[in-house]
Amino acid sequence: MEFIVVGLVIFILICFCYISEYGEKTKNKIEELNNEIEQLKKDVELGNTYKRELERIDYDKEIKSVGIEKMTISKEHQYRVVGKKIPKILV
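Using our numbering, the letters of the sequence shown map in sequence onto residues 2 to 92.
If you're looking for bench data, these hints aren't it; they were derived computationally from the structure.
Ideal Cβ positions, reconstructed from N, Cα and C, are used throughout, including at glycine.
Please note that the accuracy of each hint is not assured.
[Said to hold, decoys possible] What follows is a set of in silico ranges between Cβ atoms, one per label pair, in the way DEER data are often shown:
(1) Glu46 <-> Cys16: 41 to 51 Å
(2) Glu25 <-> Phe4: 23 to 33 Å
(3) Leu41 <-> Phe4: 52 to 62 Å
(4) Thr27 <-> Val6: 24 to 34 Å
(5) Val10 <-> Val45: 50 to 60 Å
(6) Thr27 <-> Tyr51: 33 to 43 Å
(7) Asn35 <-> Arg57: 50 to 60 Å
(8) Gly24 <-> Leu47: 29 to 39 Å
(9) Leu14 <-> Tyr51: 53 to 63 Å
(10) Leu14 <-> Glu39: 31 to 41 Å
(11) Ile58 <-> Asn36: 24 to 34 Å
(12) Leu41 <-> Tyr19: 53 to 63 Å
(13) Ile11 <-> Glu33: 29 to 39 Å
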């Protein structure tokens, strides 16, 4: 009878250790996945920023392709191309 009780106690201790170890591994895995999710969110933000920058560059190219004549901004015939003033041009 005593052997059965001792065996049962040892079995319970082994199960408890196994469950604790499994819980710790699961906790570590969850932390790793959370870190990976945060990194992916940062990558998505960088991707969105990169996409907006590419769209802006395409828009700037489109503005340049319209032609300088259509970008008159004053009577003195100063022209604006991508935020920079070009000196007076004789028309």
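Consistency of the hints with the structure:
1. Glu46 <-> Cys16: 41 to 51 Å: holds (45 Å)
2. Glu25 <-> Phe4: 23 to 33 Å: holds (31 Å)
3. Leu41 <-> Phe4: 52 to 62 Å: holds (55 Å)
4. Thr27 <-> Val6: 24 to 34 Å: The hint (24 to 34 Å, Cβ to Cβ) holds, given that Thr27 and Val6 are roughly 31 Å apart.
5. Val10 <-> Val45: 50 to 60 Å: holds (52 Å)
6. Thr27 <-> Tyr51: 33 to 43 Å: holds (36 Å)
7. Asn35 <-> Arg57: 50 to 60 Å: violated (33 Å)
8. Gly24 <-> Leu47: 29 to 39 Å: holds (35 Å)
9. Leu14 <-> Tyr51: 53 to 63 Å: holds (55 Å)
10. Leu14 <-> Glu39: 31 to 41 Å: holds (38 Å)
11. Ile58 <-> Asn36: 24 to 34 Å: Given range 24 to 34 Å: holds, Cβ gap about 33 Å.
12. Leu41 <-> Tyr19: 53 to 63 Å: violated (32 Å)
13. Ile11 <-> Glu33: 29 to 39 Å: holds (33 Å)
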